[in-house]
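Enquirer: One-letter residues, chain by chain:
Number of protein chains: 2
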Amino acid sequence: MAPSTGRDLSDPTFRASVIELCGALAYGELVGFFTIVHDAQTAPRLAYRVALAKVASNEFTQYERLVGRIEELGGDPEEAMAPFTASFDEWVRRTPPSSWLEGLMKVYAGNTLASDFYREISAYVDPQTRDLVKEVLQDSGQAEFAAQELRQAIADDPAIAGRLALFGRRLIGEALSQAQRVAADRDAITMLLVDDGSGHGADLAEMTQIFARITQGHTDRMEALGLSA
Amino acid sequence: MAPSTGRDLSDPTFRASVIELCGALAYGELVGFFTIVHDAQTAPRLAYRVALAKVASNEFTQYERLVGRIEELGGDPEEAMAPFTASFDEWVRRTPPSSWLEGLMKVYAGNTLASDFYREISAYVDPQTRDLVKEVLQDSGQAEFAAQELRQAIADDPAIAGRLALFGRRLIGEALSQAQRVAADRDAITMLLVDDGSGHGADLAEMTQIFARITQGHTDRMEALGLSA
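Which chain is which? The protein sequence lines are Y and C, in order. According to the UniProt record's numbering, the residues represented by the first sequence are 1 to 229, in order. According to the UniProt record's numbering, the residues represented by the second sequence are 1 to 229, in order.
You may find that some hints are simply not true.
Note that the list lumps identical chains together, so a pair holds whenever it fits in one copy or between two copies.
[What the hints assert, rightly or not] Computed cross-link-like contacts, DMTMM-like style, restricted to lysine to aspartate or glutamate with a CA-CA straight-line distance of at most 20 angstroms: (1) 54 / 64; (2) 54 / 11; (3) 54 / 157; (4) 134 / 149; (5) 54 / 79; (6) 134 / 64; (7) 54 / 76; (8) 54 / 149; (9) 54 / 71; (10) 54 / 174; (11) 54 / 78; (12) 134 / 72; (13) 54 / 206; (14) 134 / 71; (15) 134 / 144; (16) 134 / 11; (17) 134 / 174; (18) 134 / 116.
No wet-lab data here; the hints were simulated from the structure. Predicted, not measured: the structure shown is a model, and the values here were computed from it.
Sequences are here, hints too, so could you generate the full structure?
Expert: Structure below.
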């Protein structure tokens with residue numbers, strides 16, 4: 001990776017890219033908030049509903065911090081999110097959980113995919129945005145709750161593993177498909193990642209590697225749950 | 001009203017009553033959180049979804065503060081909420097909004113009914129819980145967003161007023177019906193409000209007056225929106 005420490009926010013193209021990236025992250029948090037709350041309604045126990053409400057509430061706090069950063073950078077949050085609403089909404093629509101455990105899997109996979117993406121992307125933004133992205137990343141450790149419940153449920157009834165593994169594959173497949181759609185459509189974000197000749201940013205091969213690392217991370221996590229990925 | 005400043009938390013009966021009251025308030029906040037998020041999904045614009053997510057997120061913060069107070073008082077939050085889950089859930093179930101505006105009305109009426117109830121009840125608890133209840137009360141001013149949207153919608157299309165007024169009457173009617181059910185079932189909370197012979201607490205006539213004042217407050221607010229209540 002070639003961190004973009006040399007680029008600065010006085011460059012309007014770079015600034016626009018960072019704003020757009022924050023827009024993508026912010027809308028992701030907002031979708032996470034609504035999805036988690038929605039899935040929490042099927043929780044078998046009040047304690048689980050509360051735990052998920054807590055995770056969701058953190059997502060909203062992160063959303064607000066990202067929106068704050070967009071505004072600091074002179075962007076309009078709604079405009080910055082607009083290019084990504086269709087892709088995120090489509091991911092949610094195409095991966096309906098059919099059970100409480102699949103809902104938990106979606107929380108877990110959604111959070112960890114987002115974390116991995118944040119980790120990769122933080123190399124390419126300005127230092128202040130990078131610090132924010134790292135902080136947002138830390139908070140999402142809340143999804144460990146979902147991982148614990150999933151591990152326990154699979155240990156208690158190994159027969160559910162096959163169906164959950166299938167759902168896990170759908171989650172990553174649809175996520176990659178939407179990510180590639182965004183990469184193809186959105187110049188500003190792609191510019192951030194793709195070498196602009198200045199030696200900063202990642203080139204296209206690097207971008208493919210990012211997707212590969214994210215997929216590998218997902219695979220490792222599924223296996224850690226005892227699922228074949 | 002006869003504020004209960006003379007009663008203190010070393011009295012186990014009084015302490016149990018305060019814990020139970022905090023349990024009722026906490027579960028109310030949790031239900032508010034889930035209901036608002038659910039209704040936000042029908043919002044016609046992203047900005048509205050965000051505004052409602054913000055209101056919901058505040059409800060969750062208030063929930064956490066009330067749970068913290070229950071724990072400080074030596075209570076178990078889940079146990080403290082348990083007696084009230086059926087009534088709150090039933091209120092939600094019996095008042096399904098059939099439109100985005102009815103959803104907003106439910107946010108507005110739910111928040112303001114809760115605020116009025118908090119204001120009344122704060123006279124009967126220990127000073128520290130009273131301070132917390134007052135703080136929780138302040139935050140719920142967020143529901144002003146719903147009131148503004150409703151006023152605007154009614155001004156734009158007076159024909160919707162009749163149906164919204166009907167829905168408003170159902171909201172208060174079902175709320176009073178659930179409140180009376182709770183009052184009949186729960187000795188601990190009733191003890192807090194009803195004169196125990198010590199001169200503290202409200203008597204049964206006072207309790208009826210509390211319900212009457214809450215109903216009047218709702219009526220006034222409906223009229224302020226331009227609705228016949």
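Enquirer: What hints, given by number in increasing order, does this structure fail?
Expert: 2, 3, 4, 10, 13, 16 and 17
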